[in-house]
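A.B. asks: Order-wise, the sequence lines are chains A and B.
For reference, each letter of the first sequence is one residue, going 1 to 251 in our numbering.
For reference, each letter of the second sequence is one residue, going 1 to 106 in our numbering.
Hints listed in this document are in silico derivations from the structure and should not be mistaken for laboratory results.
The reader is advised that the hints may include incorrect statements.
Calculated pairs, DSSO-like style, for lysine-lysine (alpha carbon to alpha carbon, straight line, at most 30 angstroms) [stated by the list, open to error]:
#	chain 1	residue 1	chain 2	residue 2
1	A	Lys178	A	Lys240
2	B	Lys44	A	Lys53
3	B	Lys13	A	Lys53
4	A	Lys93	A	Lys178
Sample of chain A residues with no beta-carbon within 10 angstroms of chain B, all distances over it, derived [what the hints assert, rightly or not]:
#	residue
5	Glu21
6	Thr75
7	Ala90
8	Gly134
9	Leu179
From the three backbone atoms N, C-alpha and C, an ideal C-beta is built for every residue, glycine too.
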Amino acid sequence: MRLPLLLIGLFVALAPAGAEEIASGSSFLSPEMRRQQDDPNRNPAWFWVDQGKELFAQKPATGQACLGCHADPATSLRGAAVRYPQVDGASGKLLNLEGRIEQCRVERQQQPAFGYESAELLSLTTYLASLSRGQPMSVRTDGPAQAYYEAGKAFYERRQGQLNLSCKQCHDGLVGQKLRGDTISYGAGTGYPAYRLEWNSVGSLHRRLRACSLGVRASQFDYGSPEYLALELYLAGRAKGLPGETPAMRR
Amino acid sequence: MFNARITLPPQAKVGETVEVKVLMRHPMDRGGQSDGKGGTVPRKILNRMTATYAGAEIFRIDMHTGVAANPFVSFSTRAVETGDIVFEWREDGGATYTRTARLTVI
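Just chain B, same shape as in the assembly (with noise of 0.2 angstroms):
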């Protein structure tokens, strides 16, 4: 089961530097266990998280077995407009999961 909890400072004035958090709820199996019948068990992770913000691509990230299950992100970007950021993730097998914040700027 996906989820996430993404943090933005409340608002940010045009140019500052905010941090953004990003806690995400994902099993990250890395596969390779057997499934009892004699085979394996596929790899499930999320293999790719974007950020994307006042029409451009902020932040990318590709993951990899190495990382622990419900992982945290955090990065920086600078406040340019009112506007929301979406991020995406895609996941083994051509699931993607799609969440949204505001970024209020003044």
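If we strip away everything but chain A, and leave its shape as in the complex, we get (with noise of 0.2 angstroms):
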């Protein structure tokens, strides 16, 4: 009777890992990093999460605090982060973390956007992914957000640049391997933002993606630009499962 069983526990055992099982960018730091990265003493993203949170509170000029609507935010924010991008209802168009933040501070708070990349808005894009860590990734890929996901996945494996590469050729087929001092990893995105050494500072996923695209010698696009967005849903929904981690530390 017993051996059935064992039989099935060799085929799950032997079986090819999927090409959608993935690990998160932390799991190819080294060690002394990685220690670095789990202490909030001893990691300088923590001071963006303090940022984000003090600002969270502040109230604008004129209008309500963040905090006036989202009261106790470690509770009813928790998760929300990695919901995130997502199709919203009532314009139709894919938004991620800092749009949404952007949006809510535009529409509802009546304020001017605070720009991408600029340090309040990264500090609270920072802050409302902290308080989804360890949930797993579950974006929407369905619905009205297939046809972004395939836009994400239709980039993700397009040749481009004078290099003549796809994402996919480095992140799903050279995964582990070095390149310029750093091991590949596959990309998962689950940490950002994130605070990189080269950057010295926490910056977010589309910087990171122009970085990338600047690597393989291809046009940057802007952030926030809408390839950069269906990229971000499609390496989202590929990192599925996986806890979000922000604020990691990445080289």
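Both chains come to you apart, so use the hints to assemble them.
C.D. replies: Following this line, the structure appears as structure tokens:
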């Protein structure tokens, strides 16, 4: 009676890892850097979380603070960040977390937008994403989001730039190998906004994607561009189930 | 924008050695880049950090342009009495920043 079970177990163990089975960027860090990332007293990205928390409670010149609507964010917004990017019901557009914060700021708070990659928007995004630490990535890739997801997948698989490389060639095909002194990861993006040593600062996923585009000598798209938004959705869909890790540290 | 995260053990016994960890938020700009107007950006770093506890200076570090942004420093001191450890930073240009952390000694 034990034999069939044993056989099934053996098959499961021997089954090749599916293309969808990916690991987060943290598993490619050195042990020392991983310890630094996991220690809030040594990971500088927590300064951005602190700043975001302050901004969240701060009343703008007119209107309410974020806290006025989103009371008790540690509970009410837990798990919100891992559902982004998502399609905005009213406009039908794809919004990432940065886009949603800016939309709230402009439409509800009636304040001028912070601007992508500004210290304020980065801090708020990092803070909100940090509330979903450990929650599984769970973006919707069906229904209205499907077209965006497919566009992101096509972008991921398309060769581009002078080096004529697609994202997939490295981030699916050459994972674990070395590139310019770093280890190639799956490009899961679950730790962003993350503190990168190269930047000496926290930066958004789109800043990282711009660095990727530059790396293969392809055209860099703008922060918040439709191309990167679709790619962000594809990456998040590909990382489905992985825990959110913001604020992470990356090389 | 300056900020600091100071970590102390929750409490210590008299005479015990405690580890003090300090993480600072500062760009530590070494300067020298073009300002686009024919000049150069001046250096702006935290050039000194001191810690005072129980009436004595217990730690001092002079920092130079080789120190990365958002520096981390840790040092040890002996617990003497319950009181504040006062940290002070001196920035290029004369600005100073102060933070305190309470050490509880039982």
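A.B. asks: Are the hints correct? Go through all of them and say.
C.D. replies: Hints, one by one, checked against the model:
1. A:Lys178 x A:Lys240: holds (25 angstroms)
2. B:Lys44 x A:Lys53: Roughly 27 angstroms between the alpha carbons, so the hint for lysine 44 of chain B and lysine 53 of chain A holds.
3. B:Lys13 x A:Lys53: violated (35 angstroms)
4. A:Lys93 x A:Lys178: Roughly 37 angstroms between the alpha carbons, so the hint for lysine 93 of chain A and lysine 178 of chain A is violated.
5. Glu21: holds (35 angstroms)
6. Thr75: With a cut-off of 10 angstroms, threonine 75 of chain A remains clear of chain B, as the shortest Cβ separation is near 25 angstroms.
7. Ala90: Consistent with the label, alanine 90 of chain A stays out of reach of chain B, its closest Cβ about 35 angstroms off (over 10 angstroms).
8. Gly134: At about 21 angstroms from chain B, glycine 134 of chain A clears the 10 angstroms cut-off, so the statement holds.
9. Leu179: holds (23 angstroms)
When held up to the earlier numbered hints, the structure conflicts with 3, 4 and fits the remainder.
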